[in-house]
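> The lines below spell out each chain.
2 protein chains.
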Amino acid sequence: VHKFVLNLITEWRKLALPFAEDTVVVAVSGGADSLALLLGIDDLRTRKKLALRIVAAHFNHKLRGRESDADEEFVKQTAAERGFELAVGHGTIEKSGNLEQNARNARYEFLHSTAQNLKAGWVLTAHTMNDQAETFLLNLIRGSGIDGLSGMRPVRELREREKGRKGDGETERSISPSPLLPFSLSPPLLVRPLLRWARREDTENFCRESGVEFRYDTMNEDMSFKRVRVRKMLLPMLKEFNPKIIETLALTAELMQKSVPPASAGGTDAVERSTPIPEELTIKDLQTLDPGTLHETIRSWLKHRRASLRSVGLKHIEAIEQLIHSKKSGRTVELPGSGLVRKQNGRLRFENIKVD
Amino acid sequence: VHKFVLNLITEWRKLALPFAEDTVVVAVSGGADSLALLLGIDDLRTRKKLALRIVAAHFNHKLRGRESDADEEFVKQTAAERGFELAVGHGTIEKSGNLEQNARNARYEFLHSTAQNLKAGWVLTAHTMNDQAETFLLNLIRGSGIDGLSGMRPVRELREREKGRKGDGETERSISPSPLLPFSLSPPLLVRPLLRWARREDTENFCRESGVEFRYDTMNEDMSFKRVRVRKMLLPMLKEFNPKIIETLALTAELMQKSVPPASAGGTDAVERSTPIPEELTIKDLQTLDPGTLHETIRSWLKHRRASLRSVGLKHIEAIEQLIHSKKSGRTVELPGSGLVRKQNGRLRFENIKVD
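One line per chain: the protein sequences are A and B, in this order. Each residue of the first sequence is one higher than the last, beginning at 1 in the numbering used here. Each residue of the second sequence is one higher than the last, beginning at 1001 in the numbering used here.
Next up, chain A with everything else stripped away, as it sits in the complex (with noise of 0.2 Å):
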């Protein structure tokens, strides 16, 4: 049995997932790492280890012509030879606005769907922990607080995605205390079992050992994207400082996610509901409290006022924090995309209007 399958399965076991009668959609794109993950669930169930109806998911967001009908053409044919059924999605992505976040988007909603049609409780993605380690490190440089460097979950309800929370380099929200027990979640479950021990290199070995040519998505070298250019250029030169850059990074972020209380990690519902957010905040209130308070009670009310925090960043925190301690009266602070924070009257209101 390869390496990769062992870890795999293992994985499987921890991460609670079903070994037989239920229904699993697997997302498949046709890169390496979703190949992989494919492959040794193929693996597993010509072993007999696996007795669950496995449904490939492809998502053509057409996105690079000729290349992008080639790619759904590929996982066709992968499935076909595997006998796997495959659901395939085609989307139009708006182009306006973040091109990967619609993207992401639309994938999540098909996924979605997909699931729901089926009756499948599990969507299986297969991030690995160079993902995890781009993630923590473009929500670092972001300045997405405490929440960000907890980085992906192995396990969260895939529905919370669509609730527009979840942007590039933005943080998931902890579901449940306990993110491997999801006892508490509600179907369909997203889960990533490459996320904790896989890195690329083991999911294009994997490939390249069972013979499959897997595809190459030239956006993954389009340096206009920032997690391109991190992947390319920042990790390289954190990699002269150590080696297991990759490790250390995603296991970080793992640690991160079992030590930062809920209420800082953007808090489970429980903990948030129990909380009653004000309307307006007193400027004078906010002026006794310490810088790190203060930046996580504007950040978890600016939450709940704007509906999410997609695309604020630590110098719009900051902004706020600057109206807090000038004294001149009526300024306002603009949030990309919607809405802004005016100071008015010795407060602070939140104004849900489109600004330009």
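Read the hints as simulated data drawn from the structure, not as lab findings. Hints may contain errors.
[Stated by the list, open to error] Computed cross-link-like contacts, EDC-like style, restricted to lysine to aspartate or glutamate with a CA-CA straight-line distance of at most 20 Å:
1. A:K327 to B:E1011
2. A:K14 to B:E1321
3. A:K258 to B:E1296
4. B:K1014 to A:E296
5. B:K1014 to A:D285
6. A:K239 to B:E1318
7. A:K14 to B:E1318
8. B:K1315 to A:E247
9. B:K1095 to B:D1217
10. B:K1232 to A:E240
11. A:K232 to A:E201
12. A:K226 to B:E1240
13. A:K3 to B:E1321
14. B:K1244 to A:E296
15. A:K48 to A:D22
16. B:K1315 to A:E240
17. A:K244 to B:E1321
18. B:K1062 to B:E1100
19. A:K315 to B:E1240
20. B:K1284 to A:E11
21. A:K244 to B:E1296
22. A:K244 to B:E1318
23. B:K1014 to A:E321
24. A:K14 to B:E1296
25. B:K1119 to B:E1085
26. A:K14 to B:D1285
27. B:K1258 to A:E318
28. B:K1003 to A:E318
29. B:K1003 to A:E321
30. A:K303 to A:E280
31. B:K1239 to A:E318
32. A:K315 to B:E1247
33. A:K284 to B:E1011
34. B:K1239 to A:E240
35. B:K1258 to A:E296
36. A:K232 to B:E1240
37. B:K1076 to B:D1217
38. B:K1244 to A:E321
With chain A fixed as given, assemble chain B onto it according to the hints.
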């Protein structure tokens, strides 16, 4: 009044530093940071905001020959011009082992004895947000777990450092659950009044605008030091992603100090004492733990058995985890500097022998 001085007095108040009667020691190397701190205090004293006995303290490490002596001469002259008392120490630093760490230990010993001789309750050092950002990154790269990401604290007991728990890139123990309320700490306190707001450019500009030429330490250019490489290579790259990366990382460390519960942050003494640390760990028990808990369990056990986690990195903890999961018996993991962990009869034992 210069903005630097306004920021200094604001932070002075927040850190509950004294305004009159007491004695305060200020560590002065002659570089921009410590000079700016001394000049800021001089300004406040001239304006009658402070009525303290201020003693500048300079430690000549004698590591850079004439350059070191010129630094000493410069500090002597500056202190005399500004009417500050001055304490000077000379050291012979052991060149074996970690030079930076040996130098730091000698310097802190000097500061401690100076404070004791003067019955001073406070020793101020001029660490800036840049130092905090560098420490954060060094700890992140090293994989020092959650503790390291809390970085330096603005207030702590000076003698903590003497216990040998702190090395470059190591972590500071959380002494009190609220590091900003030093009521439970015993003097002399080490206080860093620039840590939470001043950037290196602020100290350099304040020196220049005060018409004072600060000294340059040529060791700050020596790329054989990891910290210098972080400053000269890694931070400039991160700045391309986020121009305010120094502030972002420093604030992240600060938020971490407030958000990480004492138990995983290294623990207050009280918390640590309430949980007896076993002499040996049973491997069967360890095997039932999830990766994050296992990691923290090993770290915390080792910290107590070995008296410190100095130089212990992620790779050592991982090697111990492999001991736990491998079938072979009688294997050991050697730790850097001293000590090893031995697996025998289904248990892990720490042996405090010198390893070469």
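> Honestly, which of those hints from before does the structure not fit?
none
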